[in-house]
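Heads up: the protein sequence lines correspond to chains A and B, in order.
All the letters of the first sequence, read from the start, carry residue numbers 288 to 596 under my numbering.
All the letters of the second sequence, read from the start, carry residue numbers 200 to 481 under my numbering.
Derived from the structure by calculation, the hints contain no laboratory data.
Incorrect hints may have been included.
Quick list of in silico lysine-lysine cross-link-like pairs, DSSO-like style, CA-CA up to 30 Å [what the hints assert, rightly or not]: (1) B/K390 to B/K367; (2) B/K207 to A/K404; (3) A/K390 to A/K404; (4) A/K390 to B/K207.
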Amino acid sequence: MAAIAESVPKPASRFRFILDRRDVLGTIFIAPAVLYVLLLVGVPLLLAVYYSVSAYTIYNPTWQFVGLANFSELVRDPVFQKTLTNTFILTFGSQILGLVLGKFGALLLMRPFPGRKLVRAIIILPWAVPIALATVAWQWMFDSLYSVINWTLIALGLITRSQAPNWLGTPDLAMLSVIVVNAWRFFPFAIVIFLAGITAVPQDVLDAATVDGAGFWRRNYQIIVPMILPIVAIGLIFGIVFTFTDLSVVFLMTMGGPVDATSVLGFKGFQVGIVSGDVSHGAAISLFMLPVLLVVVIFMLRFIRRREI
Amino acid sequence: MRQGALAKAVQETSFYGAVAFFFILAAFPFYWMVITSFKTNSDLYNVSHIPFWFNDPPTLEHFRYLFEKTLFATWLLNSLIIGLCVVAITLVTALPAAYSLARMTGRSGETLGIGIFLTYLVPPTLLFLPLSRVIAVLGLQNSMWSLVLIYPTFTIPFCTWLLMGFFKAMPPEIEEAAVVDGCSLFGAFIKMALPLSLPGILTAVIFTFTLTLQEFVYALTFISSSNQKPITLGVATDLIRGDIFYWGEIMAGALIASIPVAIAYNFFLDRFIAGITGGAVK
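Produce the complete structure using the sequences and hints provided.
This is how it looks when you write it as structure tokens:
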């Protein structure tokens with residue numbers, strides 16, 4: 288009895304001792320988060336790489352190794368080549384459009400005017416609202432029969448009803464529509480990022496430049512832009528990653544169509560890997576995103592390092 | 200003198216014109232959502248009507264239909280359950296992790312922190328194939344619990360990064376004083392650091408919840424039964440019967456699901472930006 292009673296406080300104090308060591312407790316504290324991410328992001332990532340070099344389908348789940356056969360089949364497939372091109376067109380198109388809108392929007396919102404808070408609150412909406420729901424609203428605006436855009440064009444006398452474009456049913460227009468919706472989603476974020484950067488530029492630097500005779504454009508492009516570049520870079524990275532890997536907009540608006548005109552990597556990977564159950568080819572398609580993502584990550588790491596110095 | 204006034208008037212007009220352009224660009228799809236969800240069908244599908252306002256009196260018919268004849272209420276509840284569970288998992292893992300990165304692990308922790316943040320950039324479209332296999336192995340396919348399991352893979356990195364910023368901004372002296380007074384490190388975290396970081400925790404909760412509401416890809420991949428869908432997936436994919444889109448109902452559902460997220464973002468925008476730019480913006 289006495290022996291048991293004596294031994295009780297001992298583990299408690301050892302426990303207490305562990306909880307008081309900064310490095311030990313630090314490791315215990317961070318372990319659950321690291322494990323969660325390792326198990327459900329790290330392992331699946333490796334699994335995706337393995338699927339892409341195997342012959343795995345959901346109907347025939349073999350782990351047979353086929354080397355780079357899936358990849359070489361893909362790069363020779365004209366539909367896949369189109370998908371790859373589409374993905375780059377979509378990403379560049381929507382990022383450039385989004386950045387231009389973002390820069391001008393930020394310039395406008397910098398100046399105080401009555402109702403600025405309300406305007407800012409409204410402008411944030413495209414980025415805040417779930418993209419799937421906003422996309423459905425756009426799909427309705429691009430409707431083949433009841434498109435409000437076509438109605439307006441007809442009412443303005445720019446086109447007649449028989450000329451009314453079928454936005455999502457014509458290859459080039461469908462691509463344009465997908466680019467517009469992605470840019471529309473991105474530009475509020477770009478505005479916010481630009482604003483955050485511009486307000487971080489010290490006013491005395493700008494005043495000094497003005498005194499030295501720098502005009503509006505010169506202040507803009509030789510002082511503000513270089514100074515806010517790091518922040519804009521981070522915003523751009525997010526924009527690129529989210530657009531380059533997009534599935535929602537294409538899935539809801541065009542289903543990759545018409546005839547693969549808007550098929551992008553994320554969508555194709557979904558169709559092949561999930562809908563058709565051809566996991567190995569689906570994984571190979573998705574992995575084509577990896578090089579771009581790696582470049583983005585390296586860029587980001589270098590930027591973070593530089594900022595710390 | 201008069202020429203100066205004229206130039207100023209032109210400048211002002213073009214300024215407000217540009218503001219109006221941005222306002223309309225951002226708001227019009229939502230205006231369209233609102234007006235569609237309150238219009239009668241005969242008004243919606245009549246091209247001779249001017250579509251920008253009500254030609255028939257507004258109606259609540261679409262909202263009634265949504266709640267009485269569809270699974271909309273179930274989807275709302277599903278999203279609420281998923282959101283709350285993910286918030287709980289995220290807080291339990293991200294709070295200690297963020298504290299550890301901010302206070303305990305020093306230089307190596309910084310590298311680890313960047314590593315965790317970078318996983319936020321790994322897109323769902325790269326992971327959904329292997330994860331759908333993992334979900335199948337666990338027997339969670341076609342169940343909303345699969346989303347409870349998977350959503351923390353992006354909310355934990357995001358919130359760890361966000362909360363790390365909060366802990367770093369807090370003066371360490373308070374916890375140090377508690378330790379000197381005989382409190383354990385763990386006790387200092389629970390009794391001192393957590394209560395003081397309540398605004399940060401609140402921000403993390405709001406953003407975790409909105410991130411789960413915004414997610415679409417994993418939900419689309421893992422769930423096909425209507426009664427297991429979260430609201431975003433349900434509204435976007437389940438209100439289409441055959442080839443017919445019920446635009447009134449779809450827009451009404453989208454409107455209801457969008458409002459809370461829109462409000463949350465406007466209140467917490469600055470903290471969100473500080474979170475993702477890693478405190479580069481002050």
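Now for the hints, and whether the structure bears them out:
1. B/K390 to B/K367: Status holds; Cα separation ~17 Å.
2. B/K207 to A/K404: 24 Å, holds
3. A/K390 to A/K404: 18 Å, holds
4. A/K390 to B/K207: 23 Å, holds
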